[in-house]
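S.K.: Letter by letter, the chains look like this.
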Amino acid sequence: MKRRDSLKAISLTGFGLAVNPVEAAVPAPPDVKPLKVPGGRQKFEAERDAKLNAEKFFTAHELQTVTILCDIIIPADEKSGSASQAGVPAFIEFMMKDQPRNQTPMRGGIRWLDNTCVKRYGKKFALCTKAQQIDMVEQIAYPSQAKPDMTQGASFFSFMRNMTASGFFTSQMGIKDIGYVGNTPNQWDGVPEDVLKQYGLAYEEREIKKDWPEDYKK
Amino acid sequence: MDPFQIQKAPVQYDVAIIGSGAGGGMAAYTLAKAGAKVVLLEAGGYFDPADPKYITQLKWPWESPRRGASTTRAFGDFDAAWGGWEIEGEPYSAKPGTEFHWFRSRMLGGRTNHWGRISMRFGPDDFRRKSLTGVGDDWPITYEDFKPFYDRVDKMIGVFGSIENFPNEPNGYFLPPPKPRLHELMLRKGAQSIGIPVIPSRLSILTKPINNERGSCFYCSQCGRACQAYADFSSSSVLCIPAVKTGNVTLINGAMAREVLTDPQTGLATGVSYVDTRTLEEVTVRAKSVILSASTCESARLLLNSKSSRFPQGLANSSGVVGKYLNDSTGASRSGFVPALMDRKRYNEDGVGGMHVFTPWWLDNKKLDFPRGYHIEYGGGMGMPGYGFGGGIENMNGRFPGRDGKMKPGGGYGASLKDDYRRFYGAYVGMAGRGEPVPLESNYCEIDPNSVDKYGIPTLRFHYKWSDYEIKQAKHMQDTFEQIITSMGGTPLGNKPGPENNYGLEAPGKIIHEVGTVRMGNDPNKSALNKWQQAHDVKNLFVVDAAPFVSQGDKNVTWTILAASMRTSEYLIDQVKQKNI
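So the sequence lines, in the order shown, correspond to chains A and B. Per the numbering used here, the very first residue in the first sequence carries number 1; after that it's consecutive. Per the numbering used here, the very first residue in the second sequence carries number 1; after that it's consecutive.
Please note: incorrect hints may appear among the correct ones.
Once the Cα atoms are required to be at most 27 Å apart in a straight line, the calculated DSSO-like pairs of lysine-lysine come out as [claimed, not checked]:
no.	chain 1	residue 1	chain 2	residue 2
1	B	Lys59	A	Lys51
2	A	Lys176	B	Lys59
3	B	Lys345	A	Lys79
4	B	Lys454	A	Lys43
5	B	Lys59	A	Lys43
6	A	Lys209	B	Lys345
7	A	Lys209	B	Lys179
8	A	Lys147	B	Lys406
9	A	Lys176	B	Lys345
These are computed hints drawn from the structure, not numbers from a lab. For clarity, every value in this text was computed on a predicted model and none was experimentally measured.
Using the sequences provided together with the hints, build the complete structure.
M.R.: Below is the structure:
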């Protein structure tokens with residue numbers, strides 16, 4: 001019998017106590033499986049991540065809208081896949097829960113977009129034709145040119161653009177696309193010769209001397 | 001178990017050290033090597049940069065669900081510092097109209113696990129600013145007192161750099177510095193063309209092996225994550241773990257020091273009372289000497305909380321100076337965009353953690369309207385993308401022509417936007433000034449009469465305001481940053497910070513270089529410690545973090561903490577041998 005059940009049993013069968021034991025007022029901690037803390041994480045961080053991953057923020061409609069927007073912002077091209085192929089919608093979902101200050105601009109922004117699309121095209125954004133979606137995006141994709149009734153939409157789209165880029169270029173696909181080739185043990189021996197030449201730069205004499213400064217062994 | 005039960009350990013140690021950062025690590029190492037029996041108390045958990053349990057080095061951004069964002073760690077998911085400016089259950093406060101942000105790392109090695117490894121000696125002038133300028137105070141010692149210890153720290157721990165023979169940037173025993181990256185060569189060429197020196201940085205990273213215990217740098221640029229090869233200086237890997245290996249150090253993690261205990265008759269320190277952070281039990285350790293190295297503010301807090309009838313103002317505080325003269329580095333920054341770096345050739349330019357070149361203070365304050373200098377740190381290059389990558393492109397891609405040479409409005413979407421991210425990657429530079437403030441008595445921490453932390457220990461309340469000296473220095477930084485960015489053909493980004501926001505001067509505590517709260521001096525009425533960092537009032541009590549420092553120079557203070565702690569530890573050994581303690 002679990003502790004919680006035994007306490008319940010005590011209060012039901014009654015031992016003549018006018019008041020239940022104080023302990024009974026405090027619910028027993030829920031049965032949780034011990035969490036495996038991944039390397040490099042503190043326990044509280046691992047617990048927090050597990051909790052957030054178990055929660056759901058976007059509705060199906062919102063997630064669909066986010067996915068369409070991501071792929072309009074970063075589509076597949078000859079070099080790499082699209083934002084959704086790189087898992088960006090799931091990243092954005094996580095960031096909504098991780099940093100709740102994102103929630104209102106995101107949820108409200110999607111509502112704004114749907115309201116505006118219903119006004120313009122009679123349908124919510126996700127249900128619009130591709131041509132209508134692009135027509136809508138054109139109104140909000142260039143903040144400095146947004147018309148007065150489109151400025152909130154421009155802010156929302158910039159927010160989406162930044163979240164999408166952040167998610168895409170930190171994915172395996174995006175890092176390959178951007179051409180970052182580090183994060184691996186190596187020897188740094190300066191800027192490649194051809195690049196130095198391209199920029200008309202050179203190292204100082206002392207920098208290319210072997211074992212400079214000589215007196216480090218003293 | 002009764003949480004208020006007091007456990008008394010039967011052992012009497014030779015020395016109890018509170019805190020395992022640079023100062024405490026060096027003290028534990030030096031004393032243990034000399035044969036002393038040491039108990040090392042650390043409020044946080046155990047940490048070894050080489051244990052996979054703790055390693056974040058060489059992880060990829062997608063291994064973090066938030067891609068390394070700073071939600072739970074101030075410098076992001078992969079940073080090695082546990083803790084931050086805010087710690088659950090460990091509050092602090094500030095007096096109205098003032099602010100101070102207190103960064104704490106609760107872990108073996110403290111903040112040295114993630115620091116920038118910028119390892120500069122103070123120069124001769126840094127010890128005598130009052131004599132030179134009439135503002136501030138002189139130290140009770142000179143560069144010559146510290147020089148032998150700086151030399152030994154260089155050789156023992158390792159630092160790269162270059163012999164420059166600058167009068168106030170002393171030479172050291174340097175390992176070879178890494179060659180500058182492309183943007184650093186451009187910065188150097190630009191800055192030198194307008195008379196601003198740019199020299200190899202001085203970082204405690206091993207570009208050559210120095211012993212069999214530590215590896216050498218493999219150029220991943222991630223010193224902030226702590227190095228599994230022990231190729232950078234962290235107190236955990238380089239001092240604490242080797243000290244424990246001597247067999248002479250008892251390391252106690254989860255020991256939140258509450259009070260230094262004293263004998264009411266003799267007034268000598270007898271040990272430390274701490275709260276076990278797991279059980280919340282109060283535990284006492286006894287020791288013949290006590291060394292505080294809990295960090296500048298934490299050491300002051302401990303002394304102020306160690307009140308007794310014999311020491312009603314707190315321990316080592318008959319002068320009333322404990323907590324006062326708190327000072328952090330000034331900091332201001334600016335970034336720029338370098339069109340010549342668009343569409344760069346890709347190659348691995350990670351290099352060491354942080355900058356390969358920097359600018360030491362190069363001007364004469366007598367000709368300026370502020371009394372202290374600053375150095376400049378540089379950033380940029382083709383770094384590993386992290387959370388926030390590409391942010392704000394709508395303010396950038398409308399300012400520079402596309403591949404077709406045509407301008408377009410900022411923002412956008414689709415294939416051309418995707419291409420812009422590639423074109424702009426690696427074309428940014430950043431620079432940050434780190435300057436010397438004038439320590440003021442009116443900037444202080446004190447015990448908050450109304451608050452305790454979750455361990456029941458009274459907390460700190462800060463009172464800190466920048467003076468005109470620091471604001472004028474920040475103004476000078478901003479002018480210089482624009483000149484440097486322009487000199488290399490770059491475009492400064494954002495609006496130039498002006499008087500409306502103190503020229504971008506960061507709030508006190510944000511640079512995490514705070515010093516000065518338990519200052520040393522020759523006059524016991526004006527200082528808490530003598531020139532050996534030994535309490536005037538309690539001869540078996542020492543402070544070896546940055547709290548004793550009279551000022552902080554325009555240098556990062558860790559190398560000086562190490563040199564001073566080594567010097568004090570050897571003084572203690574000598575005093576014990578002479579039976580003075």
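S.K.: None of the hints should be skipped; say for each whether it holds.
M.R.: A quick look at each hint next to the structure:
| no. | hint | in the structure |
| --- | --- | --- |
| 1 | Lys59(B) <-> Lys51(A) | holds (22 Å) |
| 2 | Lys176(A) <-> Lys59(B) | holds (15 Å) |
| 3 | Lys345(B) <-> Lys79(A) | holds (16 Å) |
| 4 | Lys454(B) <-> Lys43(A) | holds (19 Å) |
| 5 | Lys59(B) <-> Lys43(A) | holds (18 Å) |
| 6 | Lys209(A) <-> Lys345(B) | holds (26 Å) |
| 7 | Lys209(A) <-> Lys179(B) | holds (11 Å) |
| 8 | Lys147(A) <-> Lys406(B) | holds (23 Å) |
| 9 | Lys176(A) <-> Lys345(B) | holds (14 Å) |
Comparing the model with each earlier hint shows no violations; every hint is respected.
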